[in-house]
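Let's have the full structure, built from the sequences with the hints guiding it.
Protein chains in written order, with this note's numbering: chain A, 1 to 372; chain B, 1 to 372.
Everything labelled a hint here was simulated from the structure, so no lab data went into it.
There's no promise every hint is true.
If several chains are the same, the list does not tell them apart, and a pair holds so long as it fits within one copy or across any two.
Calculated cross-link-like contacts (lysine-lysine; reagent style DSSO-like; alpha-carbon spacing at most 30 Å) [as the list claims (entries may be wrong)]: (1) Lys19 with Lys327; (2) Lys58 with Lys250; (3) Lys76 with Lys262; (4) Lys84 with Lys337; (5) Lys84 with Lys335; (6) Lys164 with Lys335; (7) Lys307 with Lys41.
Here the structure is a predicted model, which means the values were calculated and not measured.
There are 2 protein chains.
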Amino acid sequence: MKFKIKKNVLLEALNNVSKALSSKNIIPILSGIKFELFDDKLVLTASDNDITIQSIIKKDDNIEIINTGSIVVKGKYILDIIRKLEGKFINIELFDDYKIMIYTENSEFSLNGIDIKEYPQIDLTLSSDVVSLPVSELKNMIAQTNYATSMDEARIVLTGVNIKIDNKLLECSATDSYRLALKKINLSDSFEKIVDIIIPSKNLGELFKILPSDFDGNVNMYIYNNKVIFGFENIIFQSRLISGNYPNTKNLIPNDILFNLKINRNDFYNMVDRASILNNDKDNNIITLEINDNLLKITSMSLEIGKVEEKMSVNCSENIKISFSSKYMMEALSKIKGDEVVLTFVGEIRPILLKEAEDDSLISLILPIRTY
Amino acid sequence: MKFKIKKNVLLEALNNVSKALSSKNIIPILSGIKFELFDDKLVLTASDNDITIQSIIKKDDNIEIINTGSIVVKGKYILDIIRKLEGKFINIELFDDYKIMIYTENSEFSLNGIDIKEYPQIDLTLSSDVVSLPVSELKNMIAQTNYATSMDEARIVLTGVNIKIDNKLLECSATDSYRLALKKINLSDSFEKIVDIIIPSKNLGELFKILPSDFDGNVNMYIYNNKVIFGFENIIFQSRLISGNYPNTKNLIPNDILFNLKINRNDFYNMVDRASILNNDKDNNIITLEINDNLLKITSMSLEIGKVEEKMSVNCSENIKISFSSKYMMEALSKIKGDEVVLTFVGEIRPILLKEAEDDSLISLILPIRTY
Chain A
1 MKFKIKKNVL
11 LEALNNVSKA
21 LSSKNIIPIL
31 SGIKFELFDD
41 KLVLTASDND
51 ITIQSIIKKD
61 DNIEIINTGS
71 IVVKGKYILD
81 IIRKLEGKFI
91 NIELFDDYKI
101 MIYTENSEFS
111 LNGIDIKEYP
121 QIDLTLSSDV
131 VSLPVSELKN
141 MIAQTNYATS
151 MDEARIVLTG
161 VNIKIDNKLL
171 ECSATDSYRL
181 ALKKINLSDS
191 FEKIVDIIIP
201 SKNLGELFKI
211 LPSDFDGNVN
221 MYIYNNKVIF
231 GFENIIFQSR
241 LISGNYPNTK
251 NLIPNDILFN
261 LKINRNDFYN
271 MVDRASILNN
281 DKDNNIITLE
291 INDNLLKITS
301 MSLEIGKVEE
311 KMSVNCSENI
321 KISFSSKYMM
331 EALSKIKGDE
341 VVLTFVGEIR
351 PILLKEAEDD
361 SLISLILPIR
371 TY
Chain B
1 MKFKIKKNVL
11 LEALNNVSKA
21 LSSKNIIPIL
31 SGIKFELFDD
41 KLVLTASDND
51 ITIQSIIKKD
61 DNIEIINTGS
71 IVVKGKYILD
81 IIRKLEGKFI
91 NIELFDDYKI
101 MIYTENSEFS
111 LNGIDIKEYP
121 QIDLTLSSDV
131 VSLPVSELKN
141 MIAQTNYATS
151 MDEARIVLTG
161 VNIKIDNKLL
171 ECSATDSYRL
181 ALKKINLSDS
191 FEKIVDIIIP
201 SKNLGELFKI
211 LPSDFDGNVN
221 MYIYNNKVIF
231 GFENIIFQSR
241 LISGNYPNTK
251 NLIPNDILFN
261 LKINRNDFYN
271 MVDRASILNN
281 DKDNNIITLE
291 INDNLLKITS
301 MSLEIGKVEE
311 KMSVNCSENI
321 KISFSSKYMM
331 EALSKIKGDE
341 VVLTFVGEIR
351 PILLKEAEDD
361 SLISLILPIR
371 TY
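Below, the structure written as structure tokens:
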């Protein structure tokens, strides 16, 4: 294996695959990145057995392939070396069987590597069950739902995000049973099979990090029984699935409605934020919202510390008094886009719904907290 | 107590004094900030018994004093409230004896406070033994020396920075006995007494944070037997001193010299940084520098991981081979200003000295490490 590669190209690929490296992995070889150099491409692979990321650098002006070969190298060191090396191009070659030399004009590193035969076999064959959607929509969908998953391993299905596909409709939901985020995406092509999978929240978080924000192409989602592969640009991202039945979250969304309140999202967020200052140490962060005679009040109190009252004039002749978690409200508000948010009230001990004023694709729901 | 104050003015004062609040303080009232409102000023004080910070806001356009009074309020909450309140001005007043109301048009907080009689008496009378120097010089002096103090409480004097004043010369030194930073400042006025004090490193670190970087005035250093007060702008910063005898660090600086090497600081820093990639997990971070026939080489190796060799052409016909801690070298290099650094070599088992090419005021010293 011997090649010369543009530093920035290799660094970006290493940064991407290294998201699959886990420092607490108990299988030593999985702390390594697999380099495979073919006649026409360099393939980098990393895995923690939960997710696998592969980046493919095709032969072009950025890479000069002198001879093929393969090796596994400690991910941490190679990443740090490539990041800190100076110059536009970097030379890499194997020597003494399992050693790798990385050099520029004035710097020379040699690292001990491992034969790729010792690296686990990971099947990344692409399924023919494939759904395609814009990278930007997938990235947005993850941002708007992934935060609402549960951290509690006792009910494992809720630690993932549920993706359902039926014909041209993709529905993505996340809930920790106290709140819910439900996002709908209309696919451009219809998909023949019914999809109902649960992807671990942590893995979607890693996918989010490497999904480019300035790429206007599509991502292909390859569906399997026990795993899913996302393919975009020159990257393949594989995640295991959580097995089990995801609850029917639509039952949580009320059909009746008391009234809607359209309100400036930022102003409302700041009110909730201030109202939670005096109880932001506690887990529950309970605040109380009251609407009366066109006045919205948010109050909160702690016997030990003090109390707070926030006011805002609203155009609303309805009355309600409802308590909820300020943390959940702020998280839901922060995922909504646009200047205005529509709050839907159903009753004093019923959920509160949140939607962007101009867009129905995302529904967030927060359960109230009984304070008496 | 009742007053109206410009939000930004109060926030800056609270930010400054809150540096003296310690979350792990065992005396509950010390988690509070003392508000004292007089006819002509508002005085805020916070202390953790180790440092005390006082900020004085004089009566002017920024504050409208309605009636005087005093109270102690939990620092954490008041800071968060003032930071998040909207509007240019904030109203604050006492009610029900020991409660404080903080309000703007749409927000109203009431906090439980404590009588200032329960706050410890802290004497901040200014000594007549005072040394004056520009804030920028003091800030720079702390940055260039404070990093070299010891973390080891076993030799308590080394956990502080030593300041000696003799006539017009101020000498500031810090050492952990493996390295040394020595900064000299020429005072504009001579000082009659001999000063030789040790200020805790942690306290100087807090002082550094509140010393303004855009203020071209002076700081007054008031000297006492067991404490020191720094006064600048509207702030008083008091620190206890460490008692004990500071070692004579000048003995560490060699008088003889083998040769000097003038080198680009940034290039050399990057070489040392790369050379330490393969051993940056370990405490010692040993790298070896070699000069031979106008070539400077830095090498490092780890049997388990691999090795690295960095090269640079230098204009130097001397020969040397010396090993040292890359971490110490990088820290010393990062505190020096200017594009070029002068390394002074004395011998293979003698200290290395570092100086800025154009400025003699800072000397850094690193002890070599024997590798055989």
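To see whether the hints hold, each was checked on the structure:
1. Lys19 with Lys327: For Lys19 and Lys327, both the intra-copy (28 Å) and inter-copy (27 Å) Cα distances are at most 30 Å.
2. Lys58 with Lys250: For Lys58 and Lys250, the Cα distance exceeds 30 Å both inside one copy (45 Å) and across copies (60 Å).
3. Lys76 with Lys262: neither (50 Å within a copy, 34 Å between copies)
4. Lys84 with Lys337: Between copies only: 22 Å across chains, 38 Å inside a chain, cut-off 30 Å.
5. Lys84 with Lys335: Between copies only: 20 Å across chains, 36 Å inside a chain, cut-off 30 Å.
6. Lys164 with Lys335: within (21 Å within a copy, 57 Å between copies)
7. Lys307 with Lys41: Answer is between: at 28 Å across copies they meet the 30 Å cutoff, but 64 Å inside does not.
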